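Enquirer: Here are the chains, one letter per residue:
There are 2 protein chains.
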Amino acid sequence: MLTGQWIVTYLIMAELIGNLLVAQSGGPTSVINASVAGVIQEAGKHGCIEEIYGGLNGILGILNEELIDLNDEKAKAVEGLKFTPGPALGTCRYKVDFKKKPEQAAKDMDRLFEVFAAHNIRYFFYTGGNDSQDTTNHIHAEAVKRNYELRAIGVPKTIDNDLPHTDHCPGYGSVIKYCAATVMEIALDVGGMATDDGSCCIIEVMGRSAGWIAAGSVLAKRQPSDAPHIILMPEIAFNEAAFLAKVKETVAANKFCIVVVGEGLKNTAGEEIGADKNRLDAFGHPVLSGAADRLAEIVQGKLNTKTRTVKLGYAQRAAAHYASLTDANEAAMCGEAAVRAAIDGRSGFMVKIVRSSSSPYKSTTGLQDLNDIANVEHFLPRDWVTEDGFLPNEKFVEYARPLIEGEVRPPTEGGLPKYVILERSRVEKTLPARS
Amino acid sequence: MLTGQWIVTYLIMAELIGNLLVAQSGGPTSVINASVAGVIQEAGKHGCIEEIYGGLNGILGILNEELIDLNDEKAKAVEGLKFTPGPALGTCRYKVDFKKKPEQAAKDMDRLFEVFAAHNIRYFFYTGGNDSQDTTNHIHAEAVKRNYELRAIGVPKTIDNDLPHTDHCPGYGSVIKYCAATVMEIALDVGGMATDDGSCCIIEVMGRSAGWIAAGSVLAKRQPSDAPHIILMPEIAFNEAAFLAKVKETVAANKFCIVVVGEGLKNTAGEEIGADKNRLDAFGHPVLSGAADRLAEIVQGKLNTKTRTVKLGYAQRAAAHYASLTDANEAAMCGEAAVRAAIDGRSGFMVKIVRSSSSPYKSTTGLQDLNDIANVEHFLPRDWVTEDGFLPNEKFVEYARPLIEGEVRPPTEGGLPKYVILERSRVEKTLPARS
Chain A
10 MLTGQWIVTY LIMAELIGNL LVAQSGGPTS VINASVAGVI QEAGKHGCIE EIYGGLNGIL
70 GILNEELIDL NDEKAKAVEG LKFTPGPALG TCRYKVDFKK KPEQAAKDMD RLFEVFAAHN
130 IRYFFYTGGN DSQDTTNHIH AEAVKRNYEL RAIGVPKTID NDLPHTDHCP GYGSVIKYCA
190 ATVMEIALDV GGMATDDGSC CIIEVMGRSA GWIAAGSVLA KRQPSDAPHI ILMPEIAFNE
250 AAFLAKVKET VAANKFCIVV VGEGLKNTAG EEIGADKNRL DAFGHPVLSG AADRLAEIVQ
310 GKLNTKTRTV KLGYAQRAAA HYASLTDANE AAMCGEAAVR AAIDGRSGFM VKIVRSSSSP
370 YKSTTGLQDL NDIANVEHFL PRDWVTEDGF LPNEKFVEYA RPLIEGEVRP PTEGGLPKYV
430 ILERSRVEKT LPARS
Chain B
10 MLTGQWIVTY LIMAELIGNL LVAQSGGPTS VINASVAGVI QEAGKHGCIE EIYGGLNGIL
70 GILNEELIDL NDEKAKAVEG LKFTPGPALG TCRYKVDFKK KPEQAAKDMD RLFEVFAAHN
130 IRYFFYTGGN DSQDTTNHIH AEAVKRNYEL RAIGVPKTID NDLPHTDHCP GYGSVIKYCA
190 ATVMEIALDV GGMATDDGSC CIIEVMGRSA GWIAAGSVLA KRQPSDAPHI ILMPEIAFNE
250 AAFLAKVKET VAANKFCIVV VGEGLKNTAG EEIGADKNRL DAFGHPVLSG AADRLAEIVQ
310 GKLNTKTRTV KLGYAQRAAA HYASLTDANE AAMCGEAAVR AAIDGRSGFM VKIVRSSSSP
370 YKSTTGLQDL NDIANVEHFL PRDWVTEDGF LPNEKFVEYA RPLIEGEVRP PTEGGLPKYV
430 ILERSRVEKT LPARS
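Protein chains in written order, with this note's numbering: chain A, 10 to 444; chain B, 10 to 444.
Chain A on its own, in the form it takes in the complex (with noise of 0.2 Å):
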């Protein structure tokens, strides 16, 4: 009787008690609001969490100690979340950058803990790509040395599917699903088009250094003859003789070519074809806005082919109307499985999707150390791609394949998607303004 009254009190103690916080970062995906809403329905099954709060737009509203209750959203608000693309809690590009500005990062890292103590904040979530699971990881880091008792986890979210470790990013699937299907009915189109003259459509997407975006939308390929007939990847350096070469064929054979190109495209000087160099992000890159353009003023230029493009932009990445099921699961289930890592006591890791079998494709989520991940970049592998370049292989097709199964169906009102728009109840401010 003791004994058992000695590990109920060991259970008690050994259950960390406190709120929650979950925030999002970086660009949006079509399914980042299922992880979520995977967060807030798993910890709503547990009684150690007690408030479950969101972070507006990221790192950055948290420093300014804007918070809002998520446990006052309606439970269909939530369900909705699995269908509503753009971060409904909002994002930034803010990155708190120990390498680049120590000075800030120190200062960033005390307000922040400032802010995590004055809401008894215990639990933390941030959805992100790799800047957002290297600020995650410095969380935990701080944590551990200033002795706070906190469990942070990342949760994977990235259109550009290079985070390393896991078999692939939530947000992926939706953006070739709807990348593939735009490229069959482009087709379709200019195919239906073209006469003798022959023509070419150059689709430009999303990808500054990894291809998995362009390289996705060879799923729209069911026979050999269809389009995409040429995907310039930007692990592959443009040549731009066997590129013409290739429409040139392309023409040849079917009266029209379709080319897909990852916005990231670069020369032999590893330079990028489309990169207006006067203009930088946030992050100091590159701002890219060009390479479908650059392309077609070759094609144009040098083969007299009618040549026009097509620049998906946000468009891409924003596309739940035609979001894959299977992602918008894993998505939350990504979530889920964070909550319930933190509630096993874990703090430091990333979610990962595990494949466990390709066909039928089945999977499971996982743990992997942030020091793993964080600042990695996982680009497609080169035997993914034929060998001229130009197309990805079967191994990728398998990969991919999956990824894209199923269809979100979000309501509609007035023929458009009802999207959920969260209340937004803020949470009061207790903090000075920061400094």
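Treat each hint with caution, since some may be false.
One copy or two, it doesn't matter: identical chains are merged, so the pair holds either way.
[Claimed, not checked] No more than 25 Å apart at the CA atoms, straight line, and that leaves these computed lysine-lysine pairs for BS3-like:
| hint | residue 1 | residue 2 |
| --- | --- | --- |
| 1 | Lys438 | Lys264 |
| 2 | Lys371 | Lys404 |
| 3 | Lys427 | Lys83 |
| 4 | Lys85 | Lys108 |
Hint data in this document are derived by calculation from the structure and do not stem from the laboratory. Everything numeric in this text was worked out from a predicted model, so none of it was measured.
Dock chain B against chain A, hints included.
Expert: Positioned in the frame of chain A, the structure of chain B alone reads:
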């Protein structure tokens, strides 16, 4: 009894027995094939129509005697045309141009009627926009002149929505449904990313001279602060100072600004702001591609606000995965009505859509003399746009809202739409090749 016998004989005599030819022309839409399905399905009900042929690549293919036998297609494939984008029969930009090339046009007409006679074509249906209706009108007039018994009816089809006399054009509802959904999604993405610096996203949509497509994106707006915040239509001369003031005001209020621009936006001198004057299309119009990029330069340069562009291009007119069911049904209805009109002895008309009620929305079809249609462009009325010219007003919204109702749900296979490809069984050529 004798009288009865005479009536039956008369009816048989009045009935024009022969073959049907349907073809598609100009830029495709998401529902272009629904009209062809309507023609085929309605024609199948009438014994006087013997063979149902399709002309490959519009007039161009007919001149080359490239016909396919649509009776050979499976009923399921014909039904599948209702959700398949791109021109299933192929289309062309070729115009029988009596004004600019009268000799070639006369030669073309001789050849067309040779082909019609060789295949006993007595019913001719041509889906298209202004130029195609002009061609149909010429064919009708030539038939009368040549005393060749033919019923030629135009079927409206254009995303541009610029045909006169019809309430709207098949293809329009789908393109604005897709564009509005895309604007809504991009707004959730960009709005969620917007921090104090502010940002701007400029979405370029089609529309060479009419702003109907750009205007249609206003349906994404549910609240006054919702995107799109500014819509630039080619009918209204671009005023840079007023535009910049509006962007600045919007960013100050919302931290972000979504602009939709029709590709043919013009300055006060009537010059297209994004035109590359060195490139001309088959009709001699300048090729437009840069309105959004040009605006982005202006916003970035003058306001120093981070600006990104999206160019939907061909994707918008092929996005059958999110087509309007109202639009698809009306497109089919127009094809059916064309056949019924021809059976009734009419020729030289275009089918038009007549709105009988806006709320609840009800439409039917009518006929308009092709002389009233050809080469007349229908622009957005000025009093359907707000005084400052930056948004369509409630008159437009009342007009456009019903057109996007309902979702076409193409079947899927492997996570992507399963569109129909016709068998295209060729009709044997009987004539010498076109000289």
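Enquirer: With reference to the structure, classify each hint as holding or not holding.
Expert: Now for the hints, and whether the structure bears them out:
no.	hint	in the structure
1	Lys438 / Lys264	between (64 Å within a copy, 22 Å between copies)
2	Lys371 / Lys404	within (17 Å within a copy, 52 Å between copies)
3	Lys427 / Lys83	within (16 Å within a copy, 37 Å between copies)
4	Lys85 / Lys108	neither (42 Å within a copy, 62 Å between copies)
The earlier numbered hint that this structure contradicts is number 4, and it is the only one.
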